Amino acid sequence: MGILRTFALGGIHPAEDKLSSNAPIETIPVPKQAIVPLGQNLGAPSKSIVKKGDMVKVGQLLAEAGGFISTPIHSPVSGKVFKIDNAIDGSGYKRPAIIINVEGDEWDESIDTSTKIESEIKLSPKEIIDRIKNCGVVGMGGATFPTYVKLMPPPGKTAEYLLINGVECEPYLTADHRLMLEKGQEIVIGIRILMNALNVEKAFIGIENNKPDAINHITELVKAYDGIEVQSLKVQYPQGGEKQLIKASLNREVPSGKLPIEVGCVVQNVGTAFAVYEAVQKNKPLFERVVTVTGKAVKKPSNFLARIGTPISQLIEAAEGLPEDTGKIIGGGPMMGKSVTSLDIPIVKGSSGLLLMKKEESSRPVASSCIRCSKCTNVCPMGLEPFLLSRAAKLGNFEMAENESIMDCIECGSCQYTCPAAIPLLDYLRLGKMKVGNIMRNRK
Amino acid sequence: MNKFTVSGSPHIYGDDSTKKIMYGVVIAMIPTILFSIYFFGVDAIRVFVIAIAASIFFEWVIQKYLIKGPLTINDGSALVTAILLALNLPSNLPSWIIIIGALVAIGMAKMSFGGLGKNVFNPALVARVFLLVSFPVQMTSWPKPSPITDGLADVITGPTPLGFLKENLDAGKSISELKSQLPTYTQGLMGDMGGSMGEVSALALILGGVYMLWKKIITWHIPVSMLLTVAIFSGIFWGIDPEHYADPVFHMLTGGMLLGAIFMATDMVTSPMTKSGQLVFGFGVGLLTILIRMWGAYPEGVSFAILLMNATVPLINKGFKPKRFGIVK
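First to last, the protein sequences are chains A and B. Per our numbering, the very first residue in the first sequence carries number 12; after that it's consecutive. Per our numbering, the very first residue in the second sequence carries number -5; after that it's consecutive.
Extracted from the complex, chain A is given alone in its bound form:
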């Protein structure tokens, strides 16, 4: 495999705990009722175009994009619109959602439901981008940034490389890993499609070397294509961060406050590449995804293909039930995921995993005084000083926080994970980022 690449600054290596890496993807039956939140992408929420009582088919448009950075939403089920109302989502707040009572499983005729792998790319770059936009594809790694926006570099900027993120550096999560093993061919075609859309000659797929089977499988598959190369990366968190991945793959540094396109890169997740394949080759909108359900007390750590809108309780049941000892449920991975408040919340486009933590793992260790060990600074992948920034935020010195580059924080949590005094550094950093962000916007 040669020398393993990784990013240069900071980084940690938490226990990997990939309990479900050998569990093949299982399809979850359609739910009785689907709750489809209207805010499923980073940016403006979508606008509903259906009303109570409407009959919908799987894949039918439910809501259109609500702005430039927004995406349409399609029905993940067939049935009758029960109501459009507020429902609790992963944020813990009640937000507008389309609730559909499921009847059967009737798919829109325009979707190609055959299992044949479609490798010939017929659409032009512009048509590809339109299709990705119309199919509601967003970043599947969890950030849910509308994919088509990334495919349209701003004037004056051109993409040179496409980087595909198969890192899955979060402990526990295995959805991308399984997808690479089981849908490798589709992913590679999806990558080819994205390369066409961006008009780039070269794509790198970054995979950490704790997934040798995925590295071998994808390496084998890309042999048939020019310009696609697998890079095996040393396991280090947060390598799945865009800026860290670009640094690891190409040794390029995205300037502070800028996007990857500044250094000629566009980064997409492997899950996104798969969604792109389905959208472009099968005309299938994004209405289902792979979700890892895992945790130390979970009886059957699993990877499920679930429709958007399926309540998480149904996935937990499929993993042989909620362990009695569950103290916390996390949507996403343990480093950056959000703890959820209820079992009724639905799977959304950005749901990469459900992590069930035991009670003993659920509470934070008690914080004590900073002993100025500087470990937070040593592990920060952005070269920041979390002890200083958190203190500035705590004391309300936002000018200092801004000058010390608080907005560069990617909220990876490495500092707080490492802190021997268990200080909630990231809580203060988030507060500081929010305040400084507001100050910066008001200045404009």
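Some hints could be false.
[Stated by the list, open to error] Pair by pair, the computed Cβ-Cβ distance ranges are:
no.	chain 1	residue 1	chain 2	residue 2	range
1	B	LEU65	A	ASN112	53 to 63 Å
2	B	VAL131	A	PRO376	46 to 56 Å
3	B	VAL322	A	LYS446	51 to 61 Å
4	A	MET418	B	ILE91	26 to 36 Å
5	A	PRO376	B	LYS58	20 to 30 Å
6	A	LEU15	B	THR151	58 to 68 Å
7	A	GLU37	B	LEU65	16 to 26 Å
8	A	ARG375	B	VAL322	51 to 61 Å
9	A	ASN112	B	LYS(-3)	49 to 59 Å
10	B	LYS138	A	PRO376	29 to 39 Å
11	A	THR124	B	ILE321	42 to 52 Å
12	B	LYS(-3)	A	LYS133	45 to 55 Å
13	A	LYS370	B	LYS58	27 to 37 Å
FYI, nobody ran anything at the bench for these hints, they're computed from the structure. Predicted model only: the values in this text are computed from it and were never measured. All C-beta atoms in this analysis are idealised placements derived from N, C-alpha and C, irrespective of residue type, glycine included.
The hints should help you fit chain B onto chain A, whose structure is shown.
Just chain B now, kept in the frame of chain A:
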């Protein structure tokens, strides 16, 4: 209705803790503690016991009755300060002076700044310097090491090699005349020479340093930069005039050089936060030490050098930032 904990990310934590770090330092000091007991016998045990008991007692009293905050005497930090203080004292120091030392270290240098993590100066060194200027006679009558295995002989006191050297060089003698009365490198390495309890065996100190590097309690930056600075500067003068300047190895093995470089200058609380800052800090400590040793009024300068550099830490932290991602200066 299930009730789940809701908190911000991250949801997992590493296994490091303040307590682990503090007790790691204690483990690293064990070889030095054993060597000092070997050379100074029951008296050494007395110094350790009194320093530890007094330090923890003062920390408890101050936390409970003055600060009225949470009690953290179990975190190991008072224990570390106490052992470091003991290692900085001669083994024949009267018990009441040790107690005053503990009060100064814990009360004045640590708790009056707000407790663990908030002090500017290394507490054990503040106490040592306080005692040195307050009780100069008691603090500089060093018992000659006499291994326990030799039986309980009468304790003979004498100067440290550095004190002996300074006195005689000032009196106009040359190093070649004194050579026979200075410790050999082997004696220096093992600790068979006069000095504070922890300043004797270089070998034991290095062992502790290696342990702390392995456990990632310290990094190499401060000790290496400090010792390299000392080696280079003392080497230059020794090269020019070996009759009046001691060689670098002598400087390394004597006095508080290694105790300072490994255990005192590396104190997390009172040293800089970045690698580059730590290199600057180590350089400063090394330079000041050698200046004091060669031309100062005291034969030994490590304590003063570290305390002086402690005062510059906020400035160093401001001036030496980590390399930021995506920002080109």
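Those earlier numbered hints the structure runs against, lowest number first: Going through the list in order, the structure violates hints 3, 4, 7, 8, 9 and 10 and respects the others.
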